Each structure stands twice: as C-alpha cells, then as structure tokens.
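Peer 1: Here is what each chain is made of, one letter per residue.
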Amino acid sequence: EPEVTQTPSHQVTQMGQEVILRCVPISNHLYFYWYRQILGQKVEFLVSFYNNEISEKSEIFDDQFSVERPDGSNFTLKIRSTKLEDSAMYFCASSAPWTRNTEAFFGQGTRLTVV
Amino acid sequence: GIQVEQSPPDLILQEGANSTLRCNFSDSVNNLQWFHQNPWGQLINLFYIPSGTKQNGRLSATTVATERYSLLYISSSQTTDSGVYFCAAGGRNTDKLIFGTGTRLQVFP
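Line by line, the protein sequences give chains U and A.
Residue 112 in this note's numbering sits at position 112 of the first sequence, and the numbers go up by one each step.
Residue 206 in this note's numbering sits at position 91 of the second sequence, and the numbers go up by one each step.
Simulated from the structure, these hints should not be mistaken for laboratory data.
Heads up, some of the hints might be wrong.
Below, in silico cross-link-like pairs of lysine-lysine (DSBU-like), each with a Cα-Cα straight-line distance of 35 angstroms or less [unchecked claim]:
1. K169(A) / K42(U)
2. K42(U) / K57(U)
3. K83(U) / K169(A)
4. K57(U) / K83(U)
5. K78(U) / K57(U)
6. K42(U) / K83(U)
If we take Cβ atoms under 8 angstroms as the criterion, some of the chain A residues that face chain U in the derived model are [claimed, not checked]:
7. Q148
8. G156
9. L158
10. N160
11. Y184
What you are looking at is a predicted structure, and each value in this text was computed from that prediction instead of being measured.
Positions of the beta carbon are idealized from the N, C-alpha and C atoms, including for glycine.
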C-alpha cells in the first residue's frame, strides 16, 4: 500500500542551526502539507503546497520556515535558525489531485529536538 | 475558521467494552477524518468520512454533516486500541485540516 515516508525519524539539533526535514509523498498525489505537534498538544497546520507553490500557510509558518519540492519525489521543510520552541513532531502529508480537501495521508513523523 | 471539539478528553476502559467518541465542528466541512495516534506518535488513518457511515472491523464512524458532528465507535476494545484519537475537519476553499484536542483512550486487560 502506498505510504508517505519521512526522514529522519528523529533529529537533534542545536539552537540556531538549520534543519531540513524530508518527505516522499504518495506518488500520484499533488497536494502536500506539513503539520506539527508540540508534545502533549494537538496537531497544527503549517503549510500546504500545490503546483510548485505555497497554496496556504498558517501564522506559525513565518520567515524561518520554507518548503521546497526539489525533484519529482521529495518535499522538504527547512527551518533556517531553530529555536527551542521549534521542538515538536513534524508530520508530512499528501492528498490526491482531483479535488481539494480529499483524504490526507500522513507520514510517520520526524521528532525534532532543539537543544 | 472551523473549530473542532472532541469529547471526552480521557476514556478508561476494560478490554471488551464498547465506546463512543464524539467530534463537534463549527461549520460546514468538505473533509472529516479520524486518526489514531499510537504510542510511537504515528498518525494512523481510520476513516475519511465527511458524511454518512463507514465500518472497518471493530471500528465504525458516522458523520451527520447537517448537525455538525461525527462519532467514532469502538466495539470489543483491545489493549492495542490504546492511544489518542483525533478528528480533523477541513472546510470549503481551504487545504488545511483543523485537528481537535483528541480523546486519550486507555484499555486495560
């Protein structure tokens, strides 16, 4: 069964460092998303990406964040200068292309720890 | 934007019991999904159910879109059902899912 895969599963980084979280969405999907979940809290939307551009973003997704689809299979989230409060589980998701807001499938998550 | 509320926040069951989890949403939705977050933090898709009723084994879900709520039924619960159950709703003209705060289920043998 097709699935969304994320790497790494866990990353520890020092405050101020740049991190890149990687995702391989389901192959025929065209909508891609990043969400995050701070420990013990609910899952929050960060950004959606369609047709090689950001289609929607939340207030959390400030200038420290960027997304990219560098090739036909990968989708990345970059945090330029990490802060302690960026520590969270980051989820990538993708959904099918035929209409907006179809079922989203989530990856297993990357747990980011900023020290 | 859409507000999503889940109840109860915590649920403790003995193995074999049945349970009903509720999700209320504040506006019309084009997408309503139920997820199970396992102890490793993975979000497992349970149902995509913007309206109607679906069943998958011991789990079933019903969404009454006109009354803005969805229910997740777990029958004959097992210890492996433990974890947090989230519902998430997506409105019209938006890509994002808004998640509820979840129901934490603990099933004891």
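Peer 1: Taking the hints in turn, state whether each one holds.
Peer 2: Against the structure, the hints:
A distance of roughly 25 angstroms separates the Cα atoms of K169(A) and K42(U); the hinted pair therefore holds under the 35 angstroms criterion. As the CA atoms of K42(U) and K57(U) are separated by approximately 17 angstroms, the hinted pair is consistent with the 35 angstroms bound. As the CA atoms of K83(U) and K169(A) are separated by approximately 42 angstroms, the hinted pair breaks the 35 angstroms bound. A distance of roughly 20 angstroms separates the Cα atoms of K57(U) and K83(U); the hinted pair therefore holds under the 35 angstroms criterion.
With a CA separation close to 14 angstroms, the supplied pair K78(U) and K57(U) stays within the 35 angstroms bound. The straight-line distance between the Cα atoms of K42(U) and K83(U) is roughly 20 angstroms, inside the 35 angstroms bound, and the hint therefore holds. Taking 8 angstroms as the C-beta cut-off, the interface hint given for Q148(A) holds, the closest approach to chain U being about 7 angstroms. The interface hint given for G156(A) holds, since its Cβ lies 5 angstroms from the closest Cβ of chain U, which is under the 8 angstroms cut-off.
The restraint placing L158(A) at the interface with chain U holds, with a minimum CB-CB distance near 4 angstroms, inside the 8 angstroms limit. Hint on N160(A) holds. Least Cβ distance to chain U is approximately 6 angstroms, under the 8 angstroms limit. At about 18 angstroms, the closest approach between the beta carbon of Y184(A) and any beta carbon in chain U exceeds 8 angstroms, and the interface hint on this residue is violated.
Of the numbered hints listed earlier, those contradicted by the structure are 3, 11.
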